[in-house]
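The primary structure of each chain is shown beneath.
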Amino acid sequence: QQPVQSPQAVILREGEDAVINCSSSKALYSVHWYRQKHGEAPVFLMILLKGGEQKGHEKISASFNEKKQQSSLYLTASQLSYSGTYFCGTAKSYSGAGSYQLTFGKGTKLSVIP
Amino acid sequence: DTGVSQDPRHKITKRGQNVTFRCDPISEHNRLYWYRQTLGQGPEFLTYFQNEAQLEKSRLLSDRFSAERPKGSFSTLEIQRTEQGDSAMYLCASSQRHGYSPLHFGNGTRLTVT
Numbered sequence: 001q002q003p004v005q006s007p008q009a010v011i012l013r014e015g016e017d018a019v020i021n022c023s024s025s026k027a028l029y030s031v032h033w034y035r036q037k038h039g040e041a042p043v044f045l046m047i048l049l050k051g052g053e054q055k056g057h058e059k060i061s062a063s064f065n066e067k068k069q070q071s072s073l074y075l076t077a078s079q080l081s082y083s084g085t086y087f088c089g090t091a092k093s094y095s096g097a098g099s100y101q102l103t104f105g106k107g108t109k110l111s112v113i114p
Numbered sequence: 115d116t117g118v119s120q121d122p123r124h125k126i127t128k129r130g131q132n133v134t135f136r137c138d139p140i141s142e143h144n145r146l147y148w149y150r151q152t153l154g155q156g157p158e159f160l161t162y163f164q165n166e167a168q169l170e171k172s173r174l175l176s177d178r179f180s181a182e183r184p185k186g187s188f189s190t191l192e193i194q195r196t197e198q199g200d201s202a203m204y205l206c207a208s209s210q211r212h213g214y215s216p217l218h219f220g221n222g223t224r225l226t227v228t
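Going down the list, the protein sequences come from chains A and B. First residue of the first sequence: 1, per the numbering used here; consecutive thereafter. First residue of the second sequence: 115, per the numbering used here; consecutive thereafter.
Nothing false has been slipped in among the hints.
Here are the simulated lysine-lysine pairs, DSSO-like style, with alpha carbons at most 30 Å apart:
(1) Lys92(A) <-> Lys67(A)
(2) Lys26(A) <-> Lys171(B)
(3) Lys67(A) <-> Lys106(A)
(4) Lys37(A) <-> Lys171(B)
(5) Lys109(A) <-> Lys125(B)
(6) Lys50(A) <-> Lys26(A)
(7) Lys185(B) <-> Lys92(A)
(8) Lys106(A) <-> Lys125(B)
(9) Lys106(A) <-> Lys128(B)
(10) Lys106(A) <-> Lys171(B)
(11) Lys37(A) <-> Lys50(A)
(12) Lys92(A) <-> Lys106(A)
(13) Lys171(B) <-> Lys50(A)
(14) Lys92(A) <-> Lys171(B)
Far from chain A, by Cβ distances over 12 Å, these chain B residues were calculated:
(15) Pro122
(16) Lys125
(17) Arg178
(18) Phe179
(19) Glu192
(20) Gly199
(21) Asp200
In short, the hints are calculated from the structure, not lab data. Think of the CB as a built atom: it goes at the ideal place given N, C-alpha and C, for glycine as much as any other residue.
Hey, can you work out the whole structure from these sequences and the hints?
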């Protein structure tokens, strides 16, 4: 089942912060975050596994709450280069083939303006 | 690391024709995936290979779609008797075998069925 992302779109000024949420009605084993710029391939940001770990990538970090079946992506002090569509992908099992067959949300379009 | 390469970048075909796309994964990656992406949606899983074995296939993949990965290197995705609903971006991704390796996506093949 497709995870739900919110908000659908957000506009930020450079230096502002944003939070993107990803929630699922089914148990989550891992959450994968990707960013896709217009006309380009999705690019990997980070993977979060069961255990509520918070991972970081540049000024982008994320958390994973397996009890609430949701993950949040935090973008701090946003830069123009952060513009793009952010997708979360969820795995349907903990191991085996299902652990990397991802179901992606519809994405959150982030626009950072000067 | 030359990245995942897909060919062609664009394909326009008439309804009813057959089309074939090629994907060359990153050389040391033994996992290969095909995803499909339509406007405003996240990538949608189609099929997965580990080496030359096709281990997973989405229920959404009709009999008109077939994928191969001979010798565990490049892969081809063929669509027979194309329909207008097949118009989409077809993304190939590869990853390493161990653990939760991130997906490395190619730039995709954009298919337009007229």
